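> Residue strings, one per chain:
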Amino acid sequence: MVVLALLGLQTLILAVAAGAEGDAQADKVSAGQRLYREGILSSGEAVTGFTHGDIPIFASQLACESCHRRSGLGSSEGGKVVPPVTGQALFQDREHEQQAPFRSRSMSVGGRPAYELSSLADALRLGVDSGGNELDPLMPRYDMSDSDVEALYAYLETLASELPAGVDDSKVHLATIAAKNADESERESMLEILKAFAADKNADTRNESGRSVRGPYFRAYMDVSYRKWDLHVWELEGPSETWFEQLEALYEEQPVFALVSGIGEGSWRPVHDFCAVQEVPCIFPITDRPVLDEDFYSIYLSGGVYREAKAVAEHLNDKLSEEPALVIQVYRAGSAGEAMAEAFLKAAEDSSATIEAVRVAGSDPPSANFWETLYRERGPGIVLAWLGSDDLENLGSGAGLGPATPSLVILSDTLSGDGAYSVTGPIRQQVRVVSLLELPERRERGLLRLRTWVKPRGIEINHPRVQADAFLAVTLAGSAVKHMRRNFSREYMIEIVEHGLDNSVFRSVYPQLTLGPNQRLASKSAYILRPSPDAEDGWVAVDAASSY
Amino acid sequence: MIVLDTRTVMFAFSLATCLLLGSLAHIAPAVAETSGGGKEPNYTRETVSYRVPDVELIAHDGNSVSLVSAIGGEKPVMVNFVFTSCTTICPVLSASFAEVSRRLGEKGDSIEFVSISIDPEYDTQEKLAEYAKRMGAGESWRFLTGNPDDIFKVEKAFNTYRGNKMNHLPLTFIKVRGAEEWVRLEGFPSVDEVLAEYGSAKNS
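Protein sequences, first through last, are from chains A and B. For what it's worth, numbering that gives the first Met the number 0 labels the leading residue of the first sequence as 0, then goes sequentially. For what it's worth, numbering that gives the first Met the number 0 labels the leading residue of the second sequence as 0, then goes sequentially.
These are computed hints drawn from the structure, not numbers from a lab. Being a predicted model, the structure only gives us computed values, none of them experimental. Note that CB positions come from ideal geometry on N, CA and C, so glycine has one too. Mixed in with the good hints there might be a few duds.
To be verified - When the alpha-carbon atoms are kept at most 27 angstroms apart in a straight line, the in silico DSSO-like pairs for lysine-lysine are as follows:
no., chain 1, residue 1, chain 2, residue 2
1, B, Lys-74, A, Lys-345
2, B, Lys-74, B, Lys-201
3, A, Lys-309, A, Lys-345
4, B, Lys-132, A, Lys-309
5, A, Lys-318, A, Lys-345
6, A, Lys-309, B, Lys-126
7, A, Lys-27, A, Lys-227
8, A, Lys-481, A, Lys-454
9, A, Lys-227, A, Lys-194
10, A, Lys-227, A, Lys-309
11, B, Lys-126, A, Lys-345
12, A, Lys-27, A, Lys-454
Unchecked claim - Derived Cβ-Cβ restraints for the label pairs, each shown as a range:
no., chain 1, residue 1, chain 2, residue 2, range
13, A, Ser-29, B, Ser-68, 44 to 52 angstroms
14, B, Ser-109, A, Asp-53, 17 to 25 angstroms
15, A, Arg-441, B, Glu-129, 31 to 39 angstroms
16, A, Pro-112, B, Asp-60, 46 to 54 angstroms
17, A, Gln-428, B, Thr-43, 55 to 63 angstroms
18, B, Thr-43, A, Val-539, 44 to 52 angstroms
19, B, Glu-129, A, Glu-443, 38 to 46 angstroms
20, B, Gly-72, A, Gly-416, 50 to 58 angstroms
21, A, Ala-198, B, Gly-137, 52 to 60 angstroms
22, B, Ala-128, A, Phe-295, 20 to 28 angstroms
23, B, Gly-72, A, Lys-454, 57 to 65 angstroms
Unchecked claim - Facing chain B, from chain A, some residues (calculated, C-beta under 8 angstroms):
no., residue
24, Ile-54
25, Ser-59
26, Gln-245
Can you make the complete structure from the sequences, with help from the hints?
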């Protein structure tokens, strides 16, 4: 609800700021935005048209945004390049570009005069550009009223029309979140990576600022696009529920172009909402509790406890329908374990199993007696222990439980880390671990690139996952900022990350990372592991769920 | 206020892709160049045999489907490869299937339509069901997803795999009743052109 209310506010601000005569203009812009993004005409009807001559299209199939993208800066897919339609691109003359690096009709850059209202109407309805040339048939010919063309004109004028907040003539301001409630050593490790990367950028070791002089296509432009990075560390205090206001205050003091990586305990919701409201790209924070609603501005590496809970529910699917199935979830109130328990309940909603909750109280790890009593009283059910590593200390006790031995004990790699794999005693054979990470034996290979990078910089790898995630976030953000060139647009940055991730050789600690337009979760896989029957301390995958 | 240069804008995206990719080869248009005025054809055509892999996939209605029985038999069928979050290419391919299936359906033709997701990790059955609705799919049109390894086999078998879903090509495959071979169209044929290709394959 928070998001909805605040998003509403934004539209409001747009309208209020405009003043009396501006009202009409603001209405046009928002009608244009609706048409651009959703394909809805001012009449409320869906826009219709034809692509490739006789292929009818309607709004739910494709709006302008599906091709020209939210940024308006266009796209390229499967060899098809869709040009930018921002105000700057359309409403000024375009000279014929001899040195186009790519040649095909839809990419060629023939000269044409600046668009006016009437020539824009011709482009949209007849497929003729402002110079009288026929447009590639992929660009639909639309059925559109004058007022709809006017609305689009007004909206396109606003697209990427000025430098977004957080970018000035010499700098691009970025921030990362280093919440005080995160593990201090992990927080420092993350910051070390991010700062080292920013320092490299600013030392301009790759000579990005000068490259244009030699490059054939960007002769004069690059020098003005290069900017130093100003990396702000936002140290949030207190529990995550209080972060939203802190973020707003920090942003007011120093607007930033994007948030990169970030770490903190608790639900990531306040950061997610902040990014949605301020329209700030939030690239790959390190969190166990992401918000998976696919809002445009936040992109996550993994689904954290939510993805794990779902994988467990899928894994148990058959067992849950056996009679009588009993599942006991053990967690601490207010912890990430509780969030996981709730997510599991939801994922197993349709099963007939009895799912009980046992909340751990006190600050000490549950005692041997706690576990034995639990096993004996509840019988041979399935125990899901959503606890931190320390809390698992006595889990393995209870030798000679006989028929009371739980049929399965499921632990979470996200919550318990290495602790999940070090349970001893007779229970060990019953343990299954859910993990979103690549199998341990393959993980090291994935980290090689990071190791090579940190070595000359004198950085120790002491929290591989945190450091690898931070490195991935900052390198992707880095290439995105670089490749935007002078088109500083927050939406464009996200679009480049969406597009670029699949080509990234480095994939941190995950089995696979992929994104697509508007996808917001990069690693979708999950493993269920069990103790290897051969090796003393090895683990093998019993289940590899690969869709989320 | 900064003055954006349109020429730079024009190439920035593709360049970004290329550089991230580390190679120009992947992005260079493999599609026959499209014509401006629709005078030259917007697609190329080949006739090819494919061995349909023996895999079980999941349809958007939740049913499990043997690919061989869905598209490997005698029945006439049209196949394309899409993914639900795809921009530009897939919506156009899907809009084309929607219209071609509507037109053939009206004529009482029994041909079936199959769209195979090349992004199975993201395209769950639910995602496909939603997509089918959004594209206005009728009864004769199924969307399939499945295990990534199986999908990979299918992409390989139909020579559609281009390493990365973002580089995928606009392809339409047509098989008429009893045919051994597929007509492979690469590019964006119009509805009339697809119907003509289907018609001439039937008569050959």
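> For each hint, tell me whether it holds in the structure or not.
These are the hints, each one checked on the structure:
no.: 1; hint: B:Lys-74 <-> A:Lys-345; in the structure: violated, 42 angstroms
no.: 2; hint: B:Lys-74 <-> B:Lys-201; in the structure: holds, 12 angstroms
no.: 3; hint: A:Lys-309 <-> A:Lys-345; in the structure: holds, 9 angstroms
no.: 4; hint: B:Lys-132 <-> A:Lys-309; in the structure: holds, 26 angstroms
no.: 5; hint: A:Lys-318 <-> A:Lys-345; in the structure: holds, 17 angstroms
no.: 6; hint: A:Lys-309 <-> B:Lys-126; in the structure: holds, 16 angstroms
no.: 7; hint: A:Lys-27 <-> A:Lys-227; in the structure: violated, 37 angstroms
no.: 8; hint: A:Lys-481 <-> A:Lys-454; in the structure: holds, 24 angstroms
no.: 9; hint: A:Lys-227 <-> A:Lys-194; in the structure: holds, 13 angstroms
no.: 10; hint: A:Lys-227 <-> A:Lys-309; in the structure: violated, 42 angstroms
no.: 11; hint: B:Lys-126 <-> A:Lys-345; in the structure: holds, 19 angstroms
no.: 12; hint: A:Lys-27 <-> A:Lys-454; in the structure: violated, 55 angstroms
no.: 13; hint: A:Ser-29 <-> B:Ser-68: 44 to 52 angstroms; in the structure: holds, 50 angstroms
no.: 14; hint: B:Ser-109 <-> A:Asp-53: 17 to 25 angstroms; in the structure: holds, 23 angstroms
no.: 15; hint: A:Arg-441 <-> B:Glu-129: 31 to 39 angstroms; in the structure: holds, 34 angstroms
no.: 16; hint: A:Pro-112 <-> B:Asp-60: 46 to 54 angstroms; in the structure: holds, 51 angstroms
no.: 17; hint: A:Gln-428 <-> B:Thr-43: 55 to 63 angstroms; in the structure: holds, 59 angstroms
no.: 18; hint: B:Thr-43 <-> A:Val-539: 44 to 52 angstroms; in the structure: holds, 48 angstroms
no.: 19; hint: B:Glu-129 <-> A:Glu-443: 38 to 46 angstroms; in the structure: holds, 39 angstroms
no.: 20; hint: B:Gly-72 <-> A:Gly-416: 50 to 58 angstroms; in the structure: holds, 51 angstroms
no.: 21; hint: A:Ala-198 <-> B:Gly-137: 52 to 60 angstroms; in the structure: holds, 58 angstroms
no.: 22; hint: B:Ala-128 <-> A:Phe-295: 20 to 28 angstroms; in the structure: holds, 23 angstroms
no.: 23; hint: B:Gly-72 <-> A:Lys-454: 57 to 65 angstroms; in the structure: holds, 58 angstroms
no.: 24; hint: Ile-54; in the structure: holds, 5 angstroms
no.: 25; hint: Ser-59; in the structure: holds, 5 angstroms
no.: 26; hint: Gln-245; in the structure: violated, 31 angstroms
When the structure is compared with the earlier hints, violations turn up for hints 1, 7, 10, 12, 26 and for no others.
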